[in-house]
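J.: Sequence:
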Amino acid sequence: MDVLQRMGPRTVPRTAVAPLELCALADTGNAAILRRRFRAWVDPLADLDTADDLALAVYEALANVVDHAYVQRGTPGLMTLWAAVSCPLLTGRDLVVTVTDEGAWRPSSGPGWRGRGLPLMRELTHATAVLPGDHGTTVQLRRRIRAADDRTAALV
272 MDVLQRMGPR TVPRTAVAPL ELCALADTGN AAILRRRFRA WVDPLADLDT ADDLALAVYE
332 ALANVVDHAY VQRGTPGLMT LWAAVSCPLL TGRDLVVTVT DEGAWRPSSG PGWRGRGLPL
392 MRELTHATAV LPGDHGTTVQ LRRRIRAADD RTAALV
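Mapping the sequence shown onto the numbering used here, position 38 (from 1) lands on 309, and the numbers just tick up by one.
Quick list of the computed label-pair ranges, beta carbon to beta carbon:
| id | residue 1 | residue 2 | range |
| --- | --- | --- | --- |
| 1 | Asp-298 | Asp-365 | 27 to 33 Å |
| 2 | Val-342 | Arg-393 | 19 to 25 Å |
| 3 | Leu-391 | Leu-296 | 22 to 28 Å |
| 4 | Leu-327 | Asp-365 | 18 to 24 Å |
| 5 | Leu-360 | Arg-393 | 21 to 27 Å |
| 6 | Pro-359 | Thr-299 | 32 to 38 Å |
| 7 | Ala-355 | Val-401 | 16 to 22 Å |
| 8 | Pro-403 | Thr-299 | 19 to 25 Å |
| 9 | Ser-357 | Leu-327 | 17 to 23 Å |
| 10 | Leu-389 | Leu-361 | 27 to 33 Å |
| 11 | Arg-393 | Ile-304 | 23 to 29 Å |
| 12 | Cys-358 | Asp-405 | 33 to 39 Å |
| 13 | Trp-376 | Asp-320 | 27 to 33 Å |
These aren't lab readings, by the way, just hints derived from the structure by calculation. Glycine included, each C-beta is placed from N, C-alpha and C at the ideal position.
Please take these sequences and the hints and turn them into a complete structure.
T.: Following this line, the structure appears as structure tokens:
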């Protein structure tokens with residue numbers, strides 16, 4: 272106990288960015304709102320092209336929830352978007368985004384005009400994982416991001 276008292280109070284580093292957590296009913300209007308809120312959150316952290324790429328990847332994951340997760344139920348359920356970024360590293364920051372639902376996973380039914388969402392997410396991020404389970408699906412996106420410009424110098 273004496274060691275903890277000498278260390279002083281535990282504080283969050285000034286460079287920390289609060290995680291983003293949003294939850295909404297899975298419909299197209301809410302998917303667009305969550306995408307815009309994510310974009311506003313990531314804008315100060317990344318250059319414009321990277322922010323565009325990430326917003327598109329996130330929207331694709333949200334659109335998959337809207338289009339596929341609750342089809343068997345017949346009514347929309349919830350979708351959750353969670354994003355966090357690491358404290359500054361020598362080569363940037365690590366951004367992790369998860370999009371989850373409580374629906375059922377449906378693999379692609381084959382070639383056609385659909386089925387391009389996962390390849391697009393994989394192209395726009397450094398790592399993409401799809402984790403289907405008994406109680407829903409989680410899509411995890413990872414990307415190393417660098418400071419956008421002088422407005423983010425205070426964050427890095």
